[in-house]
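If you're matching positions, the sequence shown starts at 9 in this note's numbering and goes up one per residue.
If you're looking for bench data, these hints aren't it; they were derived computationally from the structure. One thing to keep in mind: the hints can contain errors.
[Said to hold, decoys possible] Each pair of labels, with its calculated beta carbon distance range:
{"#": "1", "residue 1": "H189", "residue 2": "P150", "range": "55 to 63 angstroms"}
{"#": "2", "residue 1": "K193", "residue 2": "P213", "range": "28 to 36 angstroms"}
{"#": "3", "residue 1": "P150", "residue 2": "R77", "range": "47 to 55 angstroms"}
{"#": "4", "residue 1": "N125", "residue 2": "C151", "range": "29 to 37 angstroms"}
{"#": "5", "residue 1": "F20", "residue 2": "L190", "range": "39 to 47 angstroms"}
{"#": "6", "residue 1": "W216", "residue 2": "T62", "range": "43 to 51 angstroms"}
{"#": "7", "residue 1": "F22", "residue 2": "K193", "range": "24 to 32 angstroms"}
{"#": "8", "residue 1": "F20", "residue 2": "R124", "range": "24 to 32 angstroms"}
{"#": "9", "residue 1": "C151", "residue 2": "K178", "range": "37 to 45 angstroms"}
{"#": "10", "residue 1": "R200", "residue 2": "I49", "range": "19 to 27 angstroms"}
{"#": "11", "residue 1": "H48", "residue 2": "K193", "range": "28 to 36 angstroms"}
[As the list claims (entries may be wrong)] In silico DSS-like links for lysine-lysine, alpha-carbon gap of 30 angstroms or less:
{"#": "12", "residue 1": "K191", "residue 2": "K202"}
{"#": "13", "residue 1": "K172", "residue 2": "K193"}
{"#": "14", "residue 1": "K93", "residue 2": "K153"}
{"#": "15", "residue 1": "K209", "residue 2": "K191"}
{"#": "16", "residue 1": "K185", "residue 2": "K202"}
{"#": "17", "residue 1": "K221", "residue 2": "K202"}
{"#": "18", "residue 1": "K127", "residue 2": "K63"}
Glycine residues also receive a C-beta, built at the ideal position from the N, C-alpha and C atoms.
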Amino acid sequence: VVTSAEQFMKMFYFGEKHRVTRATMMNETSSRGHAALIVHIRMEPQDEEGRLSTKIGKLVLVDLAGYERFTLTGATGIAAEEAKKINASLLALGSVVNALADACSDKKGQHHIPYRNAKLTRLLKDCLGGTSVSTIICTVGPCDKYNQETSGTLYFGWRAMAVKVNAQIKEVYDPAKYTMHLKNKLTAAHERIKTLVQFFKKASPSGWDAYVKSYGEPEVRVDFDDDDEEAAIIAALNK
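With the hints as extra help, turn the sequences into a complete structure.
Dropping the structure here:
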């Protein structure tokens, strides 16, 4: 658990040291795997008079390794095995993005989204088709020798733009605090009703008598000391 920017950056640099790069014929510092930074964020009110809910979020930053063709990279041995896993996960990610794009264009049909085909897609499930805001940055080079890789990257970005997400704020309410908040609001409302009744009696006694005769005398309840009722409400909210 980190509570400051300094602690966060310390953890960030700790993870950065574990990144592995290897020289290939295409890139002198080629990443030999995807890098992911996942931050779970929890925002709680600082005082009892603040908001009754706790906001929960997740920030996911992913640096994807590039797709590699063995004929261009010259990878052998361990580097070749790394490239196979990188390419397989990127193909799975592309399949997920295509399926999500098709599902967004055809809302009536049932579409299977193959999130479980790779660890990468399972990790990015909430980011791609969930309730989050997602941003994809595609980086390409000017060399026409790798135009196939460039066109593939641009196509992936184009398909990703067709995916629509429903961004929402996730809030978790404290049942006990929320129940107390409702009780306070009801107490304030009943106090106001009591004041209005007293004013009505003094301002127009005949009108008050006519009201009571037609509708009966209103019940004004200010105290809420039913512990069993409160416990039942809290239990229901916890479910």
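Okay, the hints, checked on the actual structure:
no.	hint	in the structure
1	H189 <-> P150: 55 to 63 angstroms	holds (59 angstroms)
2	K193 <-> P213: 28 to 36 angstroms	holds (31 angstroms)
3	P150 <-> R77: 47 to 55 angstroms	violated (19 angstroms)
4	N125 <-> C151: 29 to 37 angstroms	holds (31 angstroms)
5	F20 <-> L190: 39 to 47 angstroms	holds (42 angstroms)
6	W216 <-> T62: 43 to 51 angstroms	holds (47 angstroms)
7	F22 <-> K193: 24 to 32 angstroms	violated (47 angstroms)
8	F20 <-> R124: 24 to 32 angstroms	holds (29 angstroms)
9	C151 <-> K178: 37 to 45 angstroms	holds (44 angstroms)
10	R200 <-> I49: 19 to 27 angstroms	violated (39 angstroms)
11	H48 <-> K193: 28 to 36 angstroms	holds (32 angstroms)
12	K191 <-> K202	holds (16 angstroms)
13	K172 <-> K193	violated (39 angstroms)
14	K93 <-> K153	holds (24 angstroms)
15	K209 <-> K191	holds (27 angstroms)
16	K185 <-> K202	holds (26 angstroms)
17	K221 <-> K202	holds (19 angstroms)
18	K127 <-> K63	holds (27 angstroms)
Hint compliance for this structure: hints 3, 7, 10 and 13 are broken, all remaining hints hold.
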